[in-house]
Every structure is written in C-alpha cells, then in structure tokens.
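There are 2 protein chains.
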Amino acid sequence: MAERASVTPLRRKPRPEPLPRQPPPQEPLWREVLGQRLRALRLDQRETLLETAARAGISPQYLSEVERGRKEPSSEMIAALAGALGTTLAELTEQLAGDLRRHQGIATSRASGPVMLALAA
Amino acid sequence: MAERASVTPLRRKPRPEPLPRQPPPQEPLWREVLGQRLRALRLDQRETLLETAARAGISPQYLSEVERGRKEPSSEMIAALAGALGTTLAELTEQLAGDLRRHQGIATSRASGPVMLALAA
Chain A
1 MAERASVTPL RRKPRPEPLP RQPPPQEPLW REVLGQRLRA LRLDQRETLL ETAARAGISP
61 QYLSEVERGR KEPSSEMIAA LAGALGTTLA ELTEQLAGDL RRHQGIATSR ASGPVMLALA
121 A
Chain B
1001 MAERASVTPL RRKPRPEPLP RQPPPQEPLW REVLGQRLRA LRLDQRETLL ETAARAGISP
1061 QYLSEVERGR KEPSSEMIAA LAGALGTTLA ELTEQLAGDL RRHQGIATSR ASGPVMLALA
1121 A
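Protein sequence lines correspond, in order, to chains A and B.
The numbers in this note's numbering rise by one with no breaks, and the one at position 58 of the first sequence is 58.
Quick note, this note's numbering runs 1000 ahead of the 1-based positions in the second sequence.
Only chain A is shown next, with the shape it has when bound in the complex:
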C-alpha cells in the first residue's frame, strides 16, 4: 500500500488497447471482388459480355451487373460463369483469395501511411 502511494507515476499507464480480432481493413464485399475477377477473366479471353453471357445462359445486362458487384449471383450462377470462362469454382476461389490478399496488403499499407503518422503525433 505505502509503496504504491510513494510512486508518482510520470505518465498514465497506457490503457490496454483491445487487440482487434483480425481487423478487416476496408475489405471489399464478396460480390465486388467476385465481379471484378469475373470481368478480368472475361477480358483476358478477349470476350464480350454477350459472348460470355450466352455461354453461361444469362443476359449480358445481368452479367454486367454481376461484374460491377451490383447483383449477388447465386451459387449456381457462379458455377455457370466459372464454366463459361473455362475455369472451376476451385480455381476461381483461389484467384479471389489472391485478390483479397492483395487488397488487404494495399489497405494495410494505406493504413500505415497518414493514419499511423497521426497516431504517432
């Protein structure tokens, strides 16, 4: 008790910051990252919306909305689009994991820029 009282803390004990459980640094939504990847695959094959959509059995308008992350494609639709683009769900998911990893890297490096300087100041 006495020992504690004689100590004048020079500065306040830092509040233990709750470690965020795997903070999602501005993660995109699933349909957004999926749409971007589907578009990239289609453009890699130099195909038009019309061509890919026809093979997947959907309208080019719908495919365009999926690619822009505006529509939530069903699992059956994802399978059809993967097939139409000559890939599999497994490969597509693998690529999406890579896309999200890269996105996370970008988000983290952005966060360590001005935000970290602000925290350090």
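Derived by calculation from the structure, the hints in this document are not laboratory data.
Possibly wrong hints are sitting among the right ones.
Claimed, not checked - Pairs of lysine to aspartate or glutamate residues, derived as EDC-like cross-links and limited to a Cα-Cα distance of at most 16 Å, are as follows:
#1 A:K71 with B:E1076
#2 B:K1071 with B:E1047
#3 B:K1071 with A:E76
#4 B:K1071 with A:E32
#5 A:K71 with A:E32
#6 A:K71 with B:E1072
For chain A, the structure is supplied; the task is to place chain B on it using the hints.
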C-alpha cells in the same frame, strides 16, 4: 491426288477428343463449401449456433440453414459471419480455396478409379 488414293488406312484416324476446358469434377456449390467452412470455424471455437448468430446479428435458424448450404447468404451476411467468427473475408476465402482443392483431389482420385478402368477396358 493419286498418292492419297493408293493409301488404304489400316484404321480410322482417331477422332480428336475435345479436351474438356477444366472439367469441374463434381464441384460443390459455393454456398455448400462456404456453409461447411463456417460451421467448422464455429465448432473450432466451441460456439453454439445461438452465440455465433447473435454476434452476426442473425437468427440461429438462419445460420443453421447457411451452414447446411440451404440458404444463399448475401455478401453483407458473409462479412458479418466472418467478423462474428473472428476472421476476415480474405482468410475465409483462402480456407475455402483449400477446401475446394482438397475436394477436387478427392473427386479426381475417385474419377481415376472405376471410371478410368472402364475407359481402359
């Protein structure tokens, strides 16, 4: 012309078999593999449907249906569930890619069993 006519083909030229563009060997649907992974993550944390669902802001019934691949969760829901399970979309997608890879391995080894023997016979 004459040269061609003098040749009696011993056997018919084998029909070029169309190489299947990345055949999906009985791939599961996206929502099925997602549901299984979400359930595995929840059980890893020894959580009940009630606990995880409460943190994700959904009903345990709905979570149960998602886990069994019966409901197609929206992208917002996937993000909420990832957060409730202490993970990110990036990590979740990474795990799903692994799940699908393993599934593909199983499907391929199954296909090379009786099917390949039948083709060889």
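> Which of the stated hints cannot be reconciled with the structure, identified by number in ascending sequence?
Replying inline: 2, 4
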